[in-house]
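S.K.: Here are the chains, one letter per residue:
Number of protein chains: 2
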Amino acid sequence: MKLSELITPAALIDVARMQNNINRMQQQTDRLGVAFRPHVKTSKCVDVTQAQVQAGATGITVSTLKEAEQFFEAGIRDILYAVGIAANKLPQAAALQTRGCDLKILTDSVASAQAIVDFARVRGIVFKVFIEIDTDDHRSGIKPNAASLLDVAKVLSDGGMVIQGVMTHAGSSYDLNTPEALVKMAEQERFGCVHAAERLRAAGFSCPVVSVGSTPTALAAQNLEGVTEVRAGVYVFFDLVMQNVGVCQLEDIALSVLTTVIGHQEEKGWAIVDAGWMAMSRDRGTQKQTTDYGYGQVCDLAGDALKGYVISGANQEHGIISRTGTPDMDIVKRFPVGTALRILPNHACATGAQFPEYQALDAQGKIQTWTRFYGW
Amino acid sequence: MKLSELITPAALIDVARMQNNINRMQQQTDRLGVAFRPHVKTSKCVDVTQAQVQAGATGITVSTLKEAEQFFEAGIRDILYAVGIAANKLPQAAALQTRGCDLKILTDSVASAQAIVDFARVRGIVFKVFIEIDTDDHRSGIKPNAASLLDVAKVLSDGGMVIQGVMTHAGSSYDLNTPEALVKMAEQERFGCVHAAERLRAAGFSCPVVSVGSTPTALAAQNLEGVTEVRAGVYVFFDLVMQNVGVCQLEDIALSVLTTVIGHQEEKGWAIVDAGWMAMSRDRGTQKQTTDYGYGQVCDLAGDALKGYVISGANQEHGIISRTGTPDMDIVKRFPVGTALRILPNHACATGAQFPEYQALDAQGKIQTWTRFYGW
Chain W
1 MKLSELITPA ALIDVARMQN NINRMQQQTD RLGVAFRPHV KTSKCVDVTQ
51 AQVQAGATGI TVSTLKEAEQ FFEAGIRDIL YAVGIAANKL PQAAALQTRG
101 CDLKILTDSV ASAQAIVDFA RVRGIVFKVF IEIDTDDHRS GIKPNAASLL
151 DVAKVLSDGG MVIQGVMTHA GSSYDLNTPE ALVKMAEQER FGCVHAAERL
201 RAAGFSCPVV SVGSTPTALA AQNLEGVTEV RAGVYVFFDL VMQNVGVCQL
251 EDIALSVLTT VIGHQEEKGW AIVDAGWMAM SRDRGTQKQT TDYGYGQVCD
301 LAGDALKGYV ISGANQEHGI ISRTGTPDMD IVKRFPVGTA LRILPNHACA
351 TGAQFPEYQA LDAQGKIQTW TRFYGW
Chain B
377 MKLSELITPA ALIDVARMQN NINRMQQQTD RLGVAFRPHV KTSKCVDVTQ
427 AQVQAGATGI TVSTLKEAEQ FFEAGIRDIL YAVGIAANKL PQAAALQTRG
477 CDLKILTDSV ASAQAIVDFA RVRGIVFKVF IEIDTDDHRS GIKPNAASLL
527 DVAKVLSDGG MVIQGVMTHA GSSYDLNTPE ALVKMAEQER FGCVHAAERL
577 RAAGFSCPVV SVGSTPTALA AQNLEGVTEV RAGVYVFFDL VMQNVGVCQL
627 EDIALSVLTT VIGHQEEKGW AIVDAGWMAM SRDRGTQKQT TDYGYGQVCD
677 LAGDALKGYV ISGANQEHGI ISRTGTPDMD IVKRFPVGTA LRILPNHACA
727 TGAQFPEYQA LDAQGKIQTW TRFYGW
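Residue numbers (our numbering), protein chains in the order written: chain W, 1 to 376; chain B, 377 to 752.
Keep in mind that the hints were calculated from the coordinates and are not lab data. Mixed in with the good hints, there may be bad ones.
[Unchecked claim] The calculated DSBU-like cross-link candidates involving lysine-lysine, where the alpha carbons are at most 35 Å apart (straight line), are:
no.: 1; chain 1: W; residue 1: K184; chain 2: W; residue 2: K128
no.: 2; chain 1: B; residue 1: K709; chain 2: W; residue 2: K268
no.: 3; chain 1: B; residue 1: K664; chain 2: B; residue 2: K683
no.: 4; chain 1: W; residue 1: K2; chain 2: W; residue 2: K366
no.: 5; chain 1: B; residue 1: K683; chain 2: W; residue 2: K268
no.: 6; chain 1: W; residue 1: K288; chain 2: B; residue 2: K742
no.: 7; chain 1: W; residue 1: K128; chain 2: B; residue 2: K683
[As the list claims (entries may be wrong)] Derived coverage of chain W by chain B (criterion: at least 3 residues anywhere in the stretch with Cβ under 8 Å from a Cβ of chain B; other residues may be distant):
no.: 8; region: 1-14
no.: 9; region: 203-214
no.: 10; region: 299-311
Cβ coordinates follow ideal geometry from the N, Cα and C atoms, glycine included.
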């Protein structure tokens with residue numbers, strides 16, 4: 001199978017780039033002296049995750065119990081489900097644990113901690129529970145200094161659950177774009193989470209694990225004193241949002257969408273391709289960043305960026321390629337009908353999710369199909 | 377199975393609303409005296425499509441050859457693949473035809489028409505081909521008056537292909553929001569496509585089918601003289617974008633996402649739910665419309681809209697519910713942890729695509745699981 005024989009659109013993984021990204025993050029966390037628990041929501045692919053584990057990852061992070069089930073079946077036991085658990089998911093979590101999965105679940109409120117305890121006690125189950133800490137004011141979690149931190153710990157402890165530790169995700173690091181700001185956010189994330197752990201310990205609760213991370217803060221962190229593990233997801237592929245944040249180059253982006261030119265609007269300088277938003281996703285994450293790549297950066301078939309050419313508009317199965325600035329009046333000659341191109345995505349997690357499988361292209365040009373799953 | 381027993385997030389179809397939507401469109405096209413060929417890219421679901429066929433649809437429109445294959449296997453023969461075909465997809469199209477599918481394909485350029493002819497002639501295949509017409513300057517197609525219309529027809533005709541007809545999609549109708557503008561756009565779409573057909577016929581080419589449509593223009597059209605068939609897709613579910621366009625009410629929207637409250641940020645007036653962008657999609661189609669619904673309109677479990685409450689922010693598996701205008705300081709009491717809610721989507725095609733299956737809820741409260749497929 002050659003690239004030119006693939007049905008388009010197709011999700012391509014450049015395996016050499018992916019392996020470089022995996023090695024870079026593992027070396028960074030090794031250097032910082034912490035365990036690394038990759039977030040596999042980015043790929044939802046056993047082949048990708050096995051490469052992360054082989055490089056040294058200790059356990060994984062998941063965003064759905066479907067992921068936990070799939071990766072447990074693939075042989076991975078140590079799994080953190082890093083979304084506050086709803087009571088309706090506790091039977092699924094308990095079933096995984098009964099089958100031998102070393103599952104950790106998450107809470108950030110007395111109400112949800114109580115729901116966990118109520119479910120577990122009558123069934124004689126002990127869950128390992130992380131308490132979510134909000135270190136950057138962007139989404140879920142308890143503030144490091146909030147009184148409710150100890151209330152939640154008390155409910156879990158009194159209810160016989162294991163307090164596994166504290167975890168935080170400084171997702172607002174995605175809004176930054178200078179090394180200085182990223183270093184500062186990494187320290188804020190570390191400090192807040194360690195502080196929460198210290199409060200728990202001072203109050204007599206156990207708190208063995210202190211888990212932090214996002215791709216930008218994980219790569220920017222200079223010292224992780226008090227932290228025991230780091231989590232990151234999108235680094236495995238990287239994407240245009242991460243390039244704008246400043247933690248990778250275009251040449252590091254390992255995921256692209258293979259597409260074919262199907263037509264033109266010559267007088268507008270448009271080439272139409274068969275990668276619309278169903279392939280690229282509707283993610284417009286670069287819209288408010290330094291460089292807006294539309295729905296993606298156009299590359300040639302070898303994967304080299306054609307600077308200035310982006311997917312400027314997208315319908316379900318149609319993408320519009322145009323040049324930023326002045327329209328390209330030679331677009332028909334530049335990209336004739338049938339031309340194969342590759343498009344770098346704004347957000348690898350969102351683009352990958354549109355495909356049932358990846359086409360993994362190795363350095364020798366050999367292509368393997370790697371299955372990807374979805375749903376809940 | 378009850379609603380409260382479903383794992384969240386889940387994609388719910390209100391079957392009674394869906395059936396009303398199907399009946400409304402079928403009655404409209406019956407009244408206008410044209411055939412109706414629904415675009416099944418919206419649902420990608422055999423159960424939904426069967427309801428459309430039972431109501432009177434004559435054939436279907438698809439956006440991928442995967443859809444053509446799946447629906448052909450489900451017993452539907454008359455299929456229009458309504459995206460300009462790339463040469464690399466011709467073997468797949470030919471295989472479908474060989475198996476007995478009455479497949480029609482699409483072109484809008486001499487280059488792609490020539491590729492169709494080159495592929496077909498050496499294999500002794502005759503494709504039925506539509507020529508795409510651009511009646512609203514929004515994407516693909518040949519302008520009704522362009523010289524290349526006759527050039528494309530000549531290539532197809534000389535090459536022994538069947539010119540099945542002309543088709544157009546006035547997708548810019550999505551940008552309108554008054555009945556007057558929609559009526560005008562429907563007439564523009566009709567006029568341009570009929571004019572293209574007349575030019576072909578005057579030049580001696582056959583052009584039996586004149587196919588037009590988008591959900592807004594199909595519902596707004598007052599007279600379709602010269603048109604033989606209408607296509608529309610999203611009407612089957614409707615969505616918030618269509619509500620803003622003015623062709624449905626909130627109470628007509630048949631697709632929603634069932635979600636559970638997993639936490640709060642009380643001081644911000646936020647409830648956090650387990651429907652993030654992975655469930656809702658990243659579609660922000662209402663952003664530039666009269667009412668911006670964020671990532672979706674919040675409803676109670678019965679499906680009644682809770683006015684002013686929207687998904688104001690979304691991460692992969694987290695949605696943030698807040699009140700537009702002043703924050704709701706009673707959010708924790710209003711939506712306690714564990715509360716089940718339903719979210720109406722901006723764009724039904726994009727939201728449906730995030731789910732492997734629909735939960736179809738009938739008027740008696742019975743739930744059936746309907747499979748949905750994806751990929752290419």
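S.K.: Against the structure, test the hints numbered earlier, and report the numbers of the ones violated in rising order.
M.R.: Hint check: 2, 5, 6, 7, 9, 10 fail, others pass.
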